[in-house]
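Trainee: Here are the chains, one letter per residue:
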Amino acid sequence: MVSKKSNSNPANRRSVLKGMAAIGAASALPGFVPFAEAGTNEPIKIGFQVHRTGIGAAYGRWYDRTTKAAVKVINDAGGINGRPVEIIAEDDGTDPKRGAEVVEKFATLHKADIAFGTLFSHVVIGSAPRAGELKIPYFVVSEGHHVASGMLNRWTLQPGITDVKSQVQAMAPFVAANLGKKVTMIFPDFAFGHDHRDYFSAAIEKQGGNVIAKIAIPPTETSFTKYFAKIPRDTEVIYHVMVGPAVLTFVKEMGEFFGPSRPEIFGFIDSLEAVDLKTPGLEFLEGTYFWEGYNRYAQPDQSDVDRFYRAAVGIDNNGASVSDPKDVSTAAHMWGCWETLYVIKAGMEAAGYRGPKDRAALVEAVEAMTTMAEGREHPQGDKLFNGKTHQVFGHQNISRFEGGKLVRVHRTSIEDTLYPDEVDYTKMSF
Amino acid sequence: MEFGPHLILAILEGLVQASVLTLTALGLSLVFGVMRVVNVAHGEFFMLGAVFAYGVASSIGGAPVVGFVAALIIAPLLVGVLAVAADWLILRRLDHDPERTIVATIGMLYVIQQVTLMTYGPDAHPVAPPFNQRIAIPWFEFTGKGLEFYFPWGLSTTSYKLFVVAAAIVAGLGVWLLMARSRLGLILRATQLDRETALAFGIPVARVYALTFGFGAALAALGAVLVVPIQQAHYLMGGDPLLLSFIVVIIGGLGSLRGTVLAAVLIGMSNGIISVFFSPTLAKILATLLVAMVLVYRPQGLFGKKPA
Numbered sequence: 001m002v003s004k005k006s007n008s009n010p011a012n013r014r015s016v017l018k019g020m021a022a023i024g025a026a027s028a029l030p031g032f033v034p035f036a037e038a039g040t041n042e043p044i045k046i047g048f049q050v051h052r053t054g055i056g057a058a059y060g061r062w063y064d065r066t067t068k069a070a071v072k073v074i075n076d077a078g079g080i081n082g083r084p085v086e087i088i089a090e091d092d093g094t095d096p097k098r099g100a101e102v103v104e105k106f107a108t109l110h111k112a113d114i115a116f117g118t119l120f121s122h123v124v125i126g127s128a129p130r131a132g133e134l135k136i137p138y139f140v141v142s143e144g145h146h147v148a149s150g151m152l153n154r155w156t157l158q159p160g161i162t163d164v165k166s167q168v169q170a171m172a173p174f175v176a177a178n179l180g181k182k183v184t185m186i187f188p189d190f191a192f193g194h195d196h197r198d199y200f201s202a203a204i205e206k207q208g209g210n211v212i213a214k215i216a217i218p219p220t221e222t223s224f225t226k227y228f229a230k231i232p233r234d235t236e237v238i239y240h241v242m243v244g245p246a247v248l249t250f251v252k253e254m255g256e257f258f259g260p261s262r263p264e265i266f267g268f269i270d271s272l273e274a275v276d277l278k279t280p281g282l283e284f285l286e287g288t289y290f291w292e293g294y295n296r297y298a299q300p301d302q303s304d305v306d307r308f309y310r311a312a313v314g315i316d317n318n319g320a321s322v323s324d325p326k327d328v329s330t331a332a333h334m335w336g337c338w339e340t341l342y343v344i345k346a347g348m349e350a351a352g353y354r355g356p357k358d359r360a361a362l363v364e365a366v367e368a369m370t371t372m373a374e375g376r377e378h379p380q381g382d383k384l385f386n387g388k389t390h391q392v393f394g395h396q397n398i399s400r401f402e403g404g405k406l407v408r409v410h411r412t413s414i415e416d417t418l419y420p421d422e423v424d425y426t427k428m429s430f
Numbered sequence: 001m002e003f004g005p006h007l008i009l010a011i012l013e014g015l016v017q018a019s020v021l022t023l024t025a026l027g028l029s030l031v032f033g034v035m036r037v038v039n040v041a042h043g044e045f046f047m048l049g050a051v052f053a054y055g056v057a058s059s060i061g062g063a064p065v066v067g068f069v070a071a072l073i074i075a076p077l078l079v080g081v082l083a084v085a086a087d088w089l090i091l092r093r094l095d096h097d098p099e100r101t102i103v104a105t106i107g108m109l110y111v112i113q114q115v116t117l118m119t120y121g122p123d124a125h126p127v128a129p130p131f132n133q134r135i136a137i138p139w140f141e142f143t144g145k146g147l148e149f150y151f152p153w154g155l156s157t158t159s160y161k162l163f164v165v166a167a168a169i170v171a172g173l174g175v176w177l178l179m180a181r182s183r184l185g186l187i188l189r190a191t192q193l194d195r196e197t198a199l200a201f202g203i204p205v206a207r208v209y210a211l212t213f214g215f216g217a218a219l220a221a222l223g224a225v226l227v228v229p230i231q232q233a234h235y236l237m238g239g240d241p242l243l244l245s246f247i248v249v250i251i252g253g254l255g256s257l258r259g260t261v262l263a264a265v266l267i268g269m270s271n272g273i274i275s276v277f278f279s280p281t282l283a284k285i286l287a288t289l290l291v292a293m294v295l296v297y298r299p300q301g302l303f304g305k306k307p308a
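Chains as they are written, first to last, in the numbering used here: chain A, 1 to 430; chain B, 1 to 308.
Please keep in mind that the hints were generated in silico from the structure rather than gathered at the bench.
Computed from a predicted structure; not experimentally measured.
Do not rely on the hints blindly, as some may be mistaken.
[Stated by the list, open to error] Restraint-style ranges between C-beta atoms, simulated for each label pair:
hint: 1; chain 1: B; residue 1: I90; chain 2: A; residue 2: K405; range: 45 to 55 Å
hint: 2; chain 1: B; residue 1: W139; chain 2: A; residue 2: V407; range: 32 to 42 Å
hint: 3; chain 1: B; residue 1: S58; chain 2: A; residue 2: D304; range: 36 to 46 Å
hint: 4; chain 1: B; residue 1: S59; chain 2: A; residue 2: P260; range: 33 to 43 Å
[What the hints assert, rightly or not] Derived list of chain B stretches under chain A, where covered just means 3 residues or more per stretch with a C-beta under 8 Å from a C-beta of chain A:
hint: 5; stretch: 153 to 163
hint: 6; stretch: 203 to 216
[Claimed, not checked] Chain A residues, not near chain B, derived (Cβ > 12 Å throughout):
hint: 7; residue: R52
hint: 8; residue: G208
hint: 9; residue: T279
hint: 10; residue: S303
hint: 11; residue: A350
hint: 12; residue: P356
hint: 13; residue: A360
From the three backbone atoms N, C-alpha and C, an ideal C-beta is built for every residue, glycine too.
Chain B on its own, in the form it takes in the complex (with noise of 0.2 Å):
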């Protein structure tokens, strides 16, 4: 292909990366920012999200849209409360502390990829887009006339994956919103900063936990429903997902949601450029060079805050 409509696919197959990452990691900064948990198992709840899709939209059947539509509220807010009961009976007995519950959510990998092997089985199942046109994008050259418009081979995205970035738009804002204007969003912010104080206030800092465990699974459920149209739901899915999350949240600063949607964007979009210039392998090396450098340079990421 030419440069001009290379580099417009390449920025396209991006943006459609990036906004998933974004809700992904959007919800293991939360857990990390509120709970200081580091979530393992964060990637089984996004395949968790995609394998119930599938469960839903199948069993729900009629026309795809119905299927897809049922399928983004239910399965998040299944994996919601999944997450929720593992944060009541597991985290929560550990006192939530940073050592422990590493080793108690890799523990919760196990478990979620097992018995979903067990029962999902080890196939990938699709799910039906809502809807996928075929949209060709135009490209200009100058020409001994002038300016001219043509369609370069190749060069199309689909209705469905515009929807994808779009989705994920309205659910970042949302999060902000949350976050930052709701009562809700102030008494985690309030936990966020300091749990003692918070519990003194009549906080109820357990209840909060387990909410914010339950809202970061969401979440990555969430951003695995969109993508499920363009991939398939199947068992080993949660890996890449829980890697590039980490990344990000390490590049955009723990516990910083501005710093996770810039670094999420970033990370997605070089992905997608790196990957179809010159290969996905050198995307991912590069990605791993830059948390290295973080890491050096400004440990506590790009947006990162010291605690207080």
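Next up, chain A with everything else stripped away, as it sits in the complex (with noise of 0.2 Å):
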């Protein structure tokens, strides 16, 4: 061994620091992105912005097939306005920046009439300010609380899906009610867990209860272990919620770190989407609650828009592809595809939608939409839309794990996800 430190052949060591500077360098270049060509005016185009890569591919891998289903299903019927849909989907990479470049993609390459789909919140908070600048409406499909809370603006709309805020005011009653009152929260930290984090604490102690800890999580993070062991020990209540390609590693854990005496679980079946309940390792989940905007498993009193509804995407009475019943579907969330282009589709019915000149038109038009009925364009159930904030409000089930199936025990009324406006978006200037 040598102490010196000179002549210690600097190469190499620059060499190896080159190299480190090349990876951050490389990891900055932006992905691969195939440019199409911009068609005819004649369809109807519908920019998709679509989570095909990154954190987000499980759900956009369903959020596209859902998308596919109900533009066959409105083509079928004759399109809008008697012009048939065109999607064009462009992959976003779940990040933030690329999603912003597709929004500017899709307004000035391909000339779409509207920007639509993105669920991803730091990705929908990275691309509404561009989908604002080029005045083109974005409909998203989040569940974050940024649409409603005023933080975005009047060219972007959540009209066929809950947001966070909505969804835990509703839960937790329940949780209070049945599971216990001190509760530990696991979440991702970015903006869609921190949504969770302040809408469900504020939520919990209206119940009388409170939130004794709130473990954050980076939603990369693939080994979980470390975060349970901070679990305060009087906790009586488990919320989880995870998203990300490890959530199957982090329920596994969870089972793992409380062995034969784990407290009450209550968790958004985030953390579970796209993975099969009948999984070796989820056995402990038996008895726990989970939070299903739409349920994954067709339930004792299945509807017959439930049916076609199923049938039209492709997937089982399990929630699982009908192809292949190992490849499970985001139930839970991706039906806000189907149902926001029926919202779009009524709007530009409405608007008299014929092009981009009317792009604002048709930000009014679905502004001045209240209630929309439970069926084949609204399968999830009825709806409220608050024009001003620019949010729906729906329906939301809670669901009892037995037996590796989730079945549903409670579904709240629309009236226990409202909550007094935060922002009037009419009132901003296109």
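Starting from two chains that each stand alone, build the complex the way the hints lay out.
Mentor: Next comes the structure, spelled out in structure tokens:
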């Protein structure tokens, strides 16, 4: 061993450092993106910002399938204003910077009529300002509270999926009454998770409970036991919501951590979206509860609308692909794409939409909407749209894990999910 | 959790991390030591190991243990063969020039990652562990009646995690035996010491290089196969191991196997312990700070040797 630090062959160290710098530089390169050619002006073009790659990929695949299914049903029935709908899908890599670029491509390169379909909240927050500048209606399917909070702009709407604030507010009474009042929250460390943290904490306090620990986990994390060690011993209820490719690991390690002495557990199905609930290691969830936006498993009182929707999207009664029972869907979220497309259809028809110059009229037509009836256009149930906050409200489901399936035990009313307006977008100029 | 059980849990988690990191970093260190190639694609070979493990385990079916053992043998072998081919096709044509190979391995990183995305897809897939029993760990406390043992809440590990630690120790010993005791190791060390002289003594340096590159990649793949029943195979999983391996190799000393193992245990354990008690972000900050300190005050690394 040599203790002198001079003459230590700097070339080697330098080359390693260069390598590290190169990794950094290379990771900043944009992904490979094929440029589609602009088509004719005849069909109504909907730019679909899809998480094909990155941490949102499982959602992206099913958002894509649901969107295609809805567009097929719409086109088979004569399209919108007699014109066929064409989906122009672009991958945003579940990345906010790329998201803004994709919105720009829709507006300038593809000459799309509107942009649609974004789920992950950080991508929405990264893309919406660009949509506002380009004056292109941006219909997100994200669940984030960022639309109704007033953080975005008049061009951004969320008419097809409910937001986190309304969801958690409707869950808190059930949790406090049935599971316990001392809650430890485990959530992903970005905007969506922060919505959960802030609004559930407030909602449970109204029920006389409180959150005794808040554990934030980066959405790219791959191992979780180290976080579970922070759960206080006097926790009565674990409230978990997780996203990203490692969700299955997250839930499994939670089971291994608790062993035979688990507290009550309430989770958002996000923690197990696209995951087969019969996977070994998930048995400990028996008797725990989940929020579901849409029931993954067909319920005993299955409606005709649900049968129609499942057949159109191509999922079976277990919420898995009809062609591959191992390919489990993101059933609790993807219905939002279906309903959003029908809102767009209704909006364009009400506005007499003909082309990009009618974009403002389209936004105004959607803002004028109020109630939406349950039916093929709205298979998840009836809805109440708030034109001022650009946010829709609907029923929420709580399901119990029973024998590897989720059985609905409670369905909230729409009133349970309402809260005072925080913004009036209709007063903003276009 | 109380401090004692909390610390034990942190150490156990750190040990598992350190084990996998040791194997991955050994591969990177070996390639750098013998070939002077900074392999930026090393993390992708790790990822390929995990993806192949999923492929092998799911196509064989049957009991999880059969699929896992098959993956343990086949996946590193496949990755090794791929890496040998990459060396033969790409790196050899650049004469293993230190600067140009950096660019070439960045290219390999993207090619491997994108091909995986296009074939395997963007989803994460688990591999069933061959066995996985939860093991509760007892702790003690002094009460009025003297020493008492009890099982604290949450203090546990699984039999599979312990197996990962044991397997990494065995594999690490294997690498050491190979380098220090076998004829192949002698050839590798000779090539590392002086390429020209080794060539003059009739050592087929080009073949040694290809073999080393393959072996280094196979070590990363082996680490990945061990970790994939705990985590999951995903096309983006190569980033963290690459960064951590670089950190370990710089701290341990470029090309020094002993330093690499020691640094991997140090970084893995401190990562585990700091993550549990404070936050994973702080763990990364401290590791990076340590790298900066080593570069400033001891540029050859803790165990690095000055090349002759």
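Trainee: Next, verify each hint and record whether it holds.
Mentor: Results of checking the hints against the structure:
| no. | hint | result |
| --- | --- | --- |
| 1 | B:I90 with A:K405: 45 to 55 Å | holds, 51 Å |
| 2 | B:W139 with A:V407: 32 to 42 Å | holds, 39 Å |
| 3 | B:S58 with A:D304: 36 to 46 Å | holds, 37 Å |
| 4 | B:S59 with A:P260: 33 to 43 Å | holds, 35 Å |
| 5 | 153 to 163 | holds (count 4) |
| 6 | 203 to 216 | violated (count 0) |
| 7 | R52 | violated, 7 Å |
| 8 | G208 | holds, 25 Å |
| 9 | T279 | violated, 7 Å |
| 10 | S303 | holds, 31 Å |
| 11 | A350 | holds, 37 Å |
| 12 | P356 | holds, 32 Å |
| 13 | A360 | holds, 36 Å |
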